[in-house]
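Protein chains in written order, with the numbering used here: chain A, 1 to 255; chain B, 1 to 255; chain C, 1 to 255; chain D, 1 to 255.
To be clear, the hints were calculated from the coordinates, so they are not data collected in a lab. Wrong hints could be hidden among the right ones.
What the hints assert, rightly or not - With the C-beta cut set under 10 Å, the calculated list includes, among others, these residues of chain C facing chain A:
no.	residue
1	ARG25
2	LEU29
3	THR31
4	PRO69
5	ARG73
6	SER77
7	ASN80
8	ARG81
9	TYR82
As the list claims (entries may be wrong) - Under the rule of at most 20 Å between Cα atoms (straight-line distance), these lysine to any residue pairs were calculated in the SDA-like manner:
no.	chain 1	residue 1	chain 2	residue 2
10	D	LYS150	C	ARG106
11	C	LYS150	C	GLU244
12	A	LYS150	B	GLY111
All values derive from a computational prediction rather than experimental measurement. Don't be surprised by glycine CBs; every beta carbon is placed ideally from N, CA and C.
Protein chains: 4
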Amino acid sequence: MTNTQVTLIQIDNYGPWTVTPAPRRETDLQTLQSRLFADLSQQIGAHGGYAFFTRFDNIIAVTNGMDVPDHARIQESIGNRYPVTISMGIGLGETPAEALVEATTRLQEQGSAQDQDRREVLLGSTLNPTERTDEDIQIAHFDVIDATGKYTDQLDAFSTFIHIEQGYATLMRHLHDEYGGLAFFVGGDNVIAVCPELETPEYEAIIEHVESTANVTLQVGVGAGSTAHDAGMAAKHGLEVCREEGTRVEGSLAD
Amino acid sequence: MTNTQVTLIQIDNYGPWTVTPAPRRETDLQTLQSRLFADLSQQIGAHGGYAFFTRFDNIIAVTNGMDVPDHARIQESIGNRYPVTISMGIGLGETPAEALVEATTRLQEQGSAQDQDRREVLLGSTLNPTERTDEDIQIAHFDVIDATGKYTDQLDAFSTFIHIEQGYATLMRHLHDEYGGLAFFVGGDNVIAVCPELETPEYEAIIEHVESTANVTLQVGVGAGSTAHDAGMAAKHGLEVCREEGTRVEGSLAD
Amino acid sequence: MTNTQVTLIQIDNYGPWTVTPAPRRETDLQTLQSRLFADLSQQIGAHGGYAFFTRFDNIIAVTNGMDVPDHARIQESIGNRYPVTISMGIGLGETPAEALVEATTRLQEQGSAQDQDRREVLLGSTLNPTERTDEDIQIAHFDVIDATGKYTDQLDAFSTFIHIEQGYATLMRHLHDEYGGLAFFVGGDNVIAVCPELETPEYEAIIEHVESTANVTLQVGVGAGSTAHDAGMAAKHGLEVCREEGTRVEGSLAD
Amino acid sequence: MTNTQVTLIQIDNYGPWTVTPAPRRETDLQTLQSRLFADLSQQIGAHGGYAFFTRFDNIIAVTNGMDVPDHARIQESIGNRYPVTISMGIGLGETPAEALVEATTRLQEQGSAQDQDRREVLLGSTLNPTERTDEDIQIAHFDVIDATGKYTDQLDAFSTFIHIEQGYATLMRHLHDEYGGLAFFVGGDNVIAVCPELETPEYEAIIEHVESTANVTLQVGVGAGSTAHDAGMAAKHGLEVCREEGTRVEGSLAD
Chain A
1 MTNTQVTLIQ IDNYGPWTVT PAPRRETDLQ TLQSRLFADL SQQIGAHGGY AFFTRFDNII
61 AVTNGMDVPD HARIQESIGN RYPVTISMGI GLGETPAEAL VEATTRLQEQ GSAQDQDRRE
121 VLLGSTLNPT ERTDEDIQIA HFDVIDATGK YTDQLDAFST FIHIEQGYAT LMRHLHDEYG
181 GLAFFVGGDN VIAVCPELET PEYEAIIEHV ESTANVTLQV GVGAGSTAHD AGMAAKHGLE
241 VCREEGTRVE GSLAD
Chain B
1 MTNTQVTLIQ IDNYGPWTVT PAPRRETDLQ TLQSRLFADL SQQIGAHGGY AFFTRFDNII
61 AVTNGMDVPD HARIQESIGN RYPVTISMGI GLGETPAEAL VEATTRLQEQ GSAQDQDRRE
121 VLLGSTLNPT ERTDEDIQIA HFDVIDATGK YTDQLDAFST FIHIEQGYAT LMRHLHDEYG
181 GLAFFVGGDN VIAVCPELET PEYEAIIEHV ESTANVTLQV GVGAGSTAHD AGMAAKHGLE
241 VCREEGTRVE GSLAD
Chain C
1 MTNTQVTLIQ IDNYGPWTVT PAPRRETDLQ TLQSRLFADL SQQIGAHGGY AFFTRFDNII
61 AVTNGMDVPD HARIQESIGN RYPVTISMGI GLGETPAEAL VEATTRLQEQ GSAQDQDRRE
121 VLLGSTLNPT ERTDEDIQIA HFDVIDATGK YTDQLDAFST FIHIEQGYAT LMRHLHDEYG
181 GLAFFVGGDN VIAVCPELET PEYEAIIEHV ESTANVTLQV GVGAGSTAHD AGMAAKHGLE
241 VCREEGTRVE GSLAD
Chain D
1 MTNTQVTLIQ IDNYGPWTVT PAPRRETDLQ TLQSRLFADL SQQIGAHGGY AFFTRFDNII
61 AVTNGMDVPD HARIQESIGN RYPVTISMGI GLGETPAEAL VEATTRLQEQ GSAQDQDRRE
121 VLLGSTLNPT ERTDEDIQIA HFDVIDATGK YTDQLDAFST FIHIEQGYAT LMRHLHDEYG
181 GLAFFVGGDN VIAVCPELET PEYEAIIEHV ESTANVTLQV GVGAGSTAHD AGMAAKHGLE
241 VCREEGTRVE GSLAD
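Sequences are here, hints too, so could you generate the full structure?
Structure below.
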């Protein structure tokens, strides 16, 4: 049974800020958002966690191994270096989706994402170190089989992007609604999903669903660990096996 | 008639690099990708252009106003500061989609995105300054009506994300396949599209299509200009009018 | 005769901000300052200019080739992405020192660097494009002869640093007070100086002064150009000649 | 008695890289160096340490609280994201200067800073956690009394810089040669020094030496702690007391 700790990171009152006193230059907003995400990725990554850019103003992170002071230090650092501040809600759950529901509720109870007075909230509790196990996190790393040969080198760049995007949209909804997993596009043709404890037949069914719905063929490496990094590296190695051996599902899985 | 100059920016041989000699730490890759994009956004933005993160290893930019040496300087700067290099293909077309087909072809003719020997290619020609007009670019800036009130403050963060993502997946495919426009998710609930010359009834039809297909209700501000920045700022102001007046389509449009 | 355009960039009210409401974490300040400088270096560099970190809250730049709107765009971009804002004063002069006096006066007339109400000032005028020449800028790129062999690989890192720092302190004062040049430590054992029109005997005298005063032996490459970048690249090539041939002063100089 | 852990961070073979195959654009080098330092400052700061930019290609850090795997993770992260790699030597000592001698020796024994084959060295051992105390680090935070009123708002920017630079050059040499302390300019008119256990009369003598030698008048806040951050925050608060009360030396000191 997985035991995922999820943190929702929300830029405080961001929408209104982007148009006050007048709409701000789009390329500055893009730079601001992507650098803020890059910093969070490094800071959370230093503790073995994973951050996903998601909507950029709402960033979802897997933070097993981080306590509340670790969160506070990151929040302070962003507040010292950016023109915006962030709030953080932490949740726990047997599935990643349940953990995120709790994390979201923490923030929503304190006010709207566009509430001028809700700033730098940090709420929720983290996993007790004594209860942590090597199977708290399951990461599934998907990619598109031969994406470069079939798409990138053949189609124009947007047509390739459409294929990948339709595959992702199908996968992220299906994995969430059917299994309580959270799937994130991470660039190229890669999707990293934080999953509950799923096994080979379930991953095969998921791949089949995406193929029949969006006509995109995926392979997946799966790993478990006490942190997102440990699980994620195992998943990456699983995916390398898929690439070498032409299999569809590899990793530390029961059959 | 629009006259869009599109540049496809591709990280050279990126997929293989990320797993050589072994899979690299995911949070480092995320930081690398998002900072590389942030730099391109600033550098292209300094010339009035727009860069979209797209797949991060394949970044699409609207570069009206930039010549080939401007591209070369950015390419050199990335090569000097990152462990990876970029290739660039430039294309022109009456629709943004056509321009991107040309830009993509330039790169594909030089070799695969995963070809070790294809490095720092820069091909294609740019608009003649004497032929540029104030209507070369049309930008449509979409967002979801009351996304904060209806989704962000009500649903958990992933359920909100699913809604926005399904809306985007529908919009980007429809706009491309029916009109030759290129739509990019830019964070929050915002999508910026580079369009051919479309008018109010067409935008109304597009919004209706997304609503009936993905159950997400959009509004849109539209602007024209000689650069992406000029058109984009006009589009942002149009969107502000939508927000204030409760209308669906605003901006510099024929009726 | 050189014709240097110098811009003084000052972070507005920075000292008080760093301790409000309480002293901020030093490593965040260091990150903020060095990234802000890095952005300015890129943005000014895109126009062929040079920015020097100087005191970090007072950054001096050589901006031949940039007009006032170019400055305004950079000022806006920093204001959109940092928790602090910058003011800019532009000056012209036959010597770099005179140009900086004018640039500084522009800002001082508007209020103190620690005035809460002096924000985002941008004053001064730039070179008329028709008056620009290929000899407007002279750059001298100094380094310490065999610094790695004599210092870095022999002494402990701070003792090496002391040598380099004493050499720099001597050079920067002498060049300013005797010639009206502005010398900046740029890392390693390198100093880049923006000079008036000096010739070989004067560079020889400068090197001798530093040797006799601080016991550090320098070599120098010199270049001229219409921008800092053009002059600076010529200077770098001159320095490569010094390294190869064991000479002390090389570049585009009268004898 | 202090017990400082110092890490010397050296960019591998940096000098040759900057001119291979030809001199690289200076503004790219400046951006690369200052961003690399900014990242180290964040990464080391996350563990309570301090990094000082020093020569940029040789960065000195106080790393009490970090073990060897913490260092390795940072080294890997830089290697994954920059076109250059870093080596690290760690040293311990009763004075900071002694610790740095040890740290430097670790690297020098492995080869030159310009040795093509010496890459990503990580050597030395860190403090045993059981031996750490709340007085392992002493930080002295100096600034120039009324620098804004006397210099920044009165003199031109370079003349102000000369004063601050001469004061720093005097202080850094004196503190090193007489006491074994390491002083670093950190921007504005601020110098942060890592010291052995000094007391009020010694700080008064240091200030007097700088005043009589370089004609710059300093004040100083002093703090102790088990990490650079803890000691440094106490020092900052001491400096605030100096500013409010017009005293010269404040902090957690014996008389």
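Cross-check of the supplied hints:
no. : hint                  : verdict
1   : ARG25                 : holds (6 Å)
2   : LEU29                 : holds (7 Å)
3   : THR31                 : holds (6 Å)
4   : PRO69                 : violated (14 Å)
5   : ARG73                 : holds (9 Å)
6   : SER77                 : holds (5 Å)
7   : ASN80                 : holds (4 Å)
8   : ARG81                 : holds (5 Å)
9   : TYR82                 : holds (6 Å)
10  : D/LYS150 <-> C/ARG106 : holds (18 Å)
11  : C/LYS150 <-> C/GLU244 : holds (17 Å)
12  : A/LYS150 <-> B/GLY111 : holds (14 Å)
The structure shown violates just one earlier hint, number 4.
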